[in-house]
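Chains as they are written, first to last, in our numbering: chain A, 194 to 494; chain B, 194 to 494; chain C, 194 to 494.
Everything hinted at is true.
Identical copies go unnamed one by one, so any copy, or any two together, can satisfy a pair.
Here are the simulated BS3-like pairs of lysine-lysine, each with C-alpha atoms no more than 25 Å apart in a straight line: (1) LYS252 <-> LYS227; (2) LYS364 <-> LYS378; (3) LYS252 <-> LYS225; (4) LYS421 <-> LYS433.
None of these hints come from the bench; they were simulated from the model.
Next come the chains, spelled out residue by residue.
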Amino acid sequence: MNHLLTMAELTEREILNILQDAQDFANGKQLKAKEQIFVANLFFENSTRTRFSFEVAEKRLGLEVLNFAAESSSVQKGETLYDTVKTLEAIGTKAVVIRHPQDQYFEKLKDRVSIPILNAGDGCGNHPTQSLLDLLTIQQEFHRFESLRIVIAGDVRHSRVARSNAQALRKLGAHVDFAGPEQWKDTSMGGCFASLDELLPQADVVMLLRVQHERHDRKAEIMGYLEKYGLTKEREQRMKPGSIIMHPAPINRGVEIADELIECERSRIFKQMENGVYVRMAVLKRALSNILGGVAHELLV
Amino acid sequence: MNHLLTMAELTEREILNILQDAQDFANGKQLKAKEQIFVANLFFENSTRTRFSFEVAEKRLGLEVLNFAAESSSVQKGETLYDTVKTLEAIGTKAVVIRHPQDQYFEKLKDRVSIPILNAGDGCGNHPTQSLLDLLTIQQEFHRFESLRIVIAGDVRHSRVARSNAQALRKLGAHVDFAGPEQWKDTSMGGCFASLDELLPQADVVMLLRVQHERHDRKAEIMGYLEKYGLTKEREQRMKPGSIIMHPAPINRGVEIADELIECERSRIFKQMENGVYVRMAVLKRALSNILGGVAHELLV
Amino acid sequence: MNHLLTMAELTEREILNILQDAQDFANGKQLKAKEQIFVANLFFENSTRTRFSFEVAEKRLGLEVLNFAAESSSVQKGETLYDTVKTLEAIGTKAVVIRHPQDQYFEKLKDRVSIPILNAGDGCGNHPTQSLLDLLTIQQEFHRFESLRIVIAGDVRHSRVARSNAQALRKLGAHVDFAGPEQWKDTSMGGCFASLDELLPQADVVMLLRVQHERHDRKAEIMGYLEKYGLTKEREQRMKPGSIIMHPAPINRGVEIADELIECERSRIFKQMENGVYVRMAVLKRALSNILGGVAHELLV
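Only chain A is shown next, with the shape it has when bound in the complex:
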């Protein structure tokens, strides 16, 4: 079963294969299902980027999309996630994309369902397609991961992105450090934890994390966040030549990053979103390889 649940479960080889497929799609390769294959998107948390990115990826692969919104489903009648997925399986769905607020929600599913699960984010846990699109964006820029210096800055403790990315980047040979407010420090992720000012001059990549208002109610702390912990115009000017800025979005403008930097020359923020589609096409191809392989026709444009 080709689930995609965490970055940890992927070998270096598997990661590089997915990135290669994604880059092929970025270069214009087309792959289209010739028969109807249904996939369902189950989003139990709000999302714009991830949800639409998956939907575009699915439709570009010629898949039929079922968009499941938790608020108008039988989940409201107390149905378990397992029963919901089994239902979708019973009516002919061949893969499910799931975002869910509960950490490791997939542990109760992964050995009991017979269709692949693509994890689109679990609580504060994993968000593997976000990591993969970050990796693709870095690879497009530097054509290697070895000895790159990556700084992940912000709410390290509550970030799905921080955890998944740190694991994967190190597996591929990069050096990962962290910056951010002391109370969001998470020593379980290794690396060095220092101030952005200290780490910034050596960084090839500064990955900013979102301040997640909706997960911890500390709005007061946002006052002054940019100056203390965020990427100001002044800090950006001390970045290395050729270094880049990334952010998983949605952005709190003027909090994690100064407004005028969002579309600056170093920013790859919108490039990341574009790459999200290619990465999701690649993981869907991987998940559906048994059935898509037989019925799709490939076209290298």
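Given chain A, work out where chains B and C should sit, using these hints.
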């Protein structure tokens, strides 16, 4: 006008024709619209199974689907159901699937609209496609309805499923009895009302009904429900050889049925869901026979 | 950039071109994208007609549709409209249809995004596709605009429709007057403001406006509205031969118009809705002319 509103309006012949078409689809028959035909799904109540089952059925027939969610529509501005349906008709919709909390909502519509209405559940009233998928599941199992003994167990009084099924099963020659808590007894449906323990040993089919928390606020009663009225492992062992268990879902695990029975050998619960797609393809074919007939191509695989 | 934001920005020639394209579609002309082109519908306010009308128009043009519902998006995490649109652009969307409660929301977007925006209503401001479908309905009826007498009656002050229509109709040579309660009078729109009784006998078109409960909390005023300001059966009988009744819907039955007039011979209310699809096909064709022109095939049936 080929509305599908209640099981009562269908003759035995019509029911058997729908089941035949559904079985053909189950066997792999394909029918695809060759032109764009729009259908709309109007769900004024939460649903997973029925909504997605209709959507999959529609897309397998090559229809264009409009998914209407009451919460973001002009219904919020006070628009009547009639005006909503007339609007959909005006913009080119050729059939509407409606689930609505009001019993017999369709009485105000059926003679005033010029497109077929497929009733996907009205309040505590009817749910004909659920009945049809139940019938298909029974027919696949026993290849007849005559003299089968069916026990419908649970919240008989508030169940759309109980009412529709009892009518249809008797029309086809089956014997239908009821079991459940005394306060949910409904003598208007005929048959015998007894304890599950009494009826179980003779039953070919035990159809469990959902305890509908959202319709009557009696959560206290759920305590001990399984032991008193539900299908326990012990009761299951007293069932006849070859007899089957059905449930319309969503299931309250450990309330109507013991957790470990949901996917047991006798259970047809997920088979019912699968059959839901074929039955809905069949009723859509019936509703759209005028236009689909002319533009679809059939393929018997 | 072929945005469609307001009626004011369209020249007489452009309006007539759009109407001509729309009439071609009404006559059965087909235009289908031969490649995948994604468009997104962003509705930040409830809508049935406009949203589904755009969706049907998009699908009839063979476009891939992304339906964005504000309530389950990152807008809930505080994302700006600009970032949402840039996100959709980054993942490959080629046009966005937006309804938003804020007047002139598009001012902050129009020069900063590189995909066309189709305004599906901004606050109390503009609603150009509603105006265009009104114009098409009038043109189908009278085959001219010059010297037609149009009366717009109702909540003139808060109506997107009143403002857009008055501008456009005058540009095309029609004479526009207003009627309605004194407190909803808006002298900034020119023309004469009088009672419906006074203006009705000369009118070729009576355009009724919706009493917008959700915009101003004056439910008390609805008591007696029909008799004082609405179109009663008695008033309808004093209308000119050949004159027509229009209403943008949703209708408050028995408030702006007597129930029995909604589908009377003079009423073009459902015709307006039908025309909404053709008009939206025409403005999508205009917005996407660069890419659709190259990849679509036209078929005049």
